[in-house]
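**Q** Each chain, written out:
There are 2 protein chains.
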Amino acid sequence: MMKQIKVIQIGLGPLGQKIVSYAVRRNGIEVIAAVDPAPDKAGKDLSKLCHLDKEVGITVSPDVNSAIKKNKPDVALLATVSNLEKIVPQIEEIIRYGINVVSTCEELAFPWIKEPELSRKLDEMAKKHNVAILGTGVNPGFLMDFLPIAFTGICQEVKSIKVSRIQDASIRRVPFQKKIGAGLTLEEFGQKKQAGTLRHVGLTESIHMIASRMGWKVDRTEDILTPVIAKSEAHPHLSPLSHPPDGSPSLRGRTEEGGEIPAGMAAGVQQIGKGYVNGEEKITLEFRASIGEKNPRDTIEIKGEPDITSTIAGGVNGDIATCAVIINAIRSIINVTPGLKTMVDIPVVSFFKSV
Amino acid sequence: MMKQIKVIQIGLGPLGQKIVSYAVRRNGIEVIAAVDPAPDKAGKDLSKLCHLDKEVGITVSPDVNSAIKKNKPDVALLATVSNLEKIVPQIEEIIRYGINVVSTCEELAFPWIKEPELSRKLDEMAKKHNVAILGTGVNPGFLMDFLPIAFTGICQEVKSIKVSRIQDASIRRVPFQKKIGAGLTLEEFGQKKQAGTLRHVGLTESIHMIASRMGWKVDRTEDILTPVIAKSEAHPHLSPLSHPPDGSPSLRGRTEEGGEIPAGMAAGVQQIGKGYVNGEEKITLEFRASIGEKNPRDTIEIKGEPDITSTIAGGVNGDIATCAVIINAIRSIINVTPGLKTMVDIPVVSFFKSV
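If you read the sequences in order, they're chains A and B.
Mapped onto the working numbering, the consecutive letters of the first sequence carry residue numbers 1216 to 1570.
Mapped onto the working numbering, the consecutive letters of the second sequence carry residue numbers 1216 to 1570.
Do not take every clue at face value.
Copies of one chain are not kept apart here, so a pair can be met inside one copy or by any two copies together.
To be verified - Pairs of lysine to aspartate or glutamate residues, derived as EDC-like cross-links and limited to a Cα-Cα distance of at most 16 Å, are as follows:
#, residue 1, residue 2
1, Lys1377, Asp1255
2, Lys1233, Glu1520
3, Lys1233, Asp1522
4, Lys1329, Glu1402
5, Lys1568, Glu1372
6, Lys1446, Glu1300
7, Lys1568, Glu1520
8, Lys1284, Asp1338
9, Lys1287, Glu1245
Hints were generated in silico from the structure; no laboratory data involved.
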């Protein structure tokens, strides 16, 4: 039997809780501790906080030091912030105990171009403490960067890469619908956009990961966020959630639970990232999530020799996939040389079970 | 500017010639020597033999020793045989000069299960000589093993994996059509099947690569080869090649050039590989190539959490992709630790250009 890999979960927001909930069901992985300094989390029972269906006997610690007193984990799963500058001291605190890090931090997925100095610092710290650090997730980390890069392996020439991630938010949880601005007036949407809460972080990191691997020098990037506006023709039907199986009343108009979005209001968000090489748009990443999206999919289009178009019909559920890739990355990260790694530096991350 | 990677091509059959023809056009790669002991190749001018559109000033050497006297390559591209036992002494001869090996040898793509002793021997030899060895190609090596494995990276559970590689041979070169038995009577097909010349080598290697990565212990494999039989309804039209653009006569009946296959004859070959785990069929690899195939595609179907179905519409041309992956693998293989590697042991193979 494969040795159990011991993990500590750091950060118990919605995503951190989902990771714990999956990790405790996964064979080959043992959750031995959890950390979150928030007053409503530290000191709480992990099973209750994460709504686990079994008792794991772990109390949430307020900090890493107290969490690992009894038992040292192999890997820390770090789900706290999206921002690189903010996560560096958190990583520093973890790796000085000789613990590897797999993080959901979007800006850590490929920080080498935007933050070369911080990246070098992380890389040196990792080597000093003989650990590996990886930022990953479904996006950035997989669908819009690693996967198109992998497809170019069978290309003799690559001229441009476009990835479209088109999601129908009707079937997603309410916080996700809120996050994408579904049901807002365009004025409200504009305010939220201004406040920065609608923006998906990671398109620029994906662009840099692709370009770096292709050997392309990016002159500039764009990241353009606009509302998807509901049209009566485009969103004529109630979404699945608005037809509860128990026959309870229709949720028409209750947009936050997936009902119909009135024409002219925001049905969701579209964000387009572009990477230019010698003035030419070589990389285009199209991310769109809205209520009532007709043809949800994840599509990769490579123009080159040969052209390749690959599609995952229906698209990939981001929550499920992110938890999966974080846990699946554990095996790869404990077997690599020390340093700051990205998804293209390590053996392919795949599902595994202990045998 | 990136350093030029120096390569030697060993084996100048149809595929070896294609690799040379692509490698000399590729930036970042320099072909410095070529070897083939065949009397019609050794001593010949490489540019003429491979129909290159430029002079590379290389005479084909009869053996490795004489080929590398002047200039030591970084990597040998070895395209000689499919059989592992036969390729081991060839690899031995190359690596004692400290040269890394990327080979098209199908049985080298994942030899660890079928040939554990030879695999260990290769691994030890590679480490002794401080080089890395990789067997790859489009299939085995990418479409039916590496790629489905990569997709499982976003899965929380994997129950079964099916890969379908369905090719329309109408648009492929004549040797490929002959190789798949298109136009043969069923009796002739049976004779060729008996002689072993129709069989695609590599399905079992792909099964073992997938299973090993998933942590599945395969009890047994199957590899079932049958003809695809032409039906008048299924193949009513002349294939593209039978309508030459210059208006020359229809090639109806000239099956070897892509014409109509009479009903009841072989239009091509189907080969199905199956991998059983605890008696259950967990891995299914369907390889079909025939004249007039309606819906050519490469499809991966993962049953698990979530289910994933990914399709490359039209499918991937095997010749182009194999040359690409062999050359693209060079960068990965010169940067890894020594040993016998497979596509799942090394950083993702991708297109690259020198900058």
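**Q** None of the hints should be skipped; say for each whether it holds.
**A** Do the hints match the structure? See the list:
no., hint, verdict
1, Lys1377 - Asp1255, "neither (43 Å within a copy, 46 Å between copies)"
2, Lys1233 - Glu1520, "between (41 Å within a copy, 14 Å between copies)"
3, Lys1233 - Asp1522, "neither (38 Å within a copy, 19 Å between copies)"
4, Lys1329 - Glu1402, "neither (32 Å within a copy, 65 Å between copies)"
5, Lys1568 - Glu1372, "between (36 Å within a copy, 9 Å between copies)"
6, Lys1446 - Glu1300, "neither (41 Å within a copy, 65 Å between copies)"
7, Lys1568 - Glu1520, "between (37 Å within a copy, 14 Å between copies)"
8, Lys1284 - Asp1338, "neither (26 Å within a copy, 40 Å between copies)"
9, Lys1287 - Glu1245, "within (12 Å within a copy, 49 Å between copies)"
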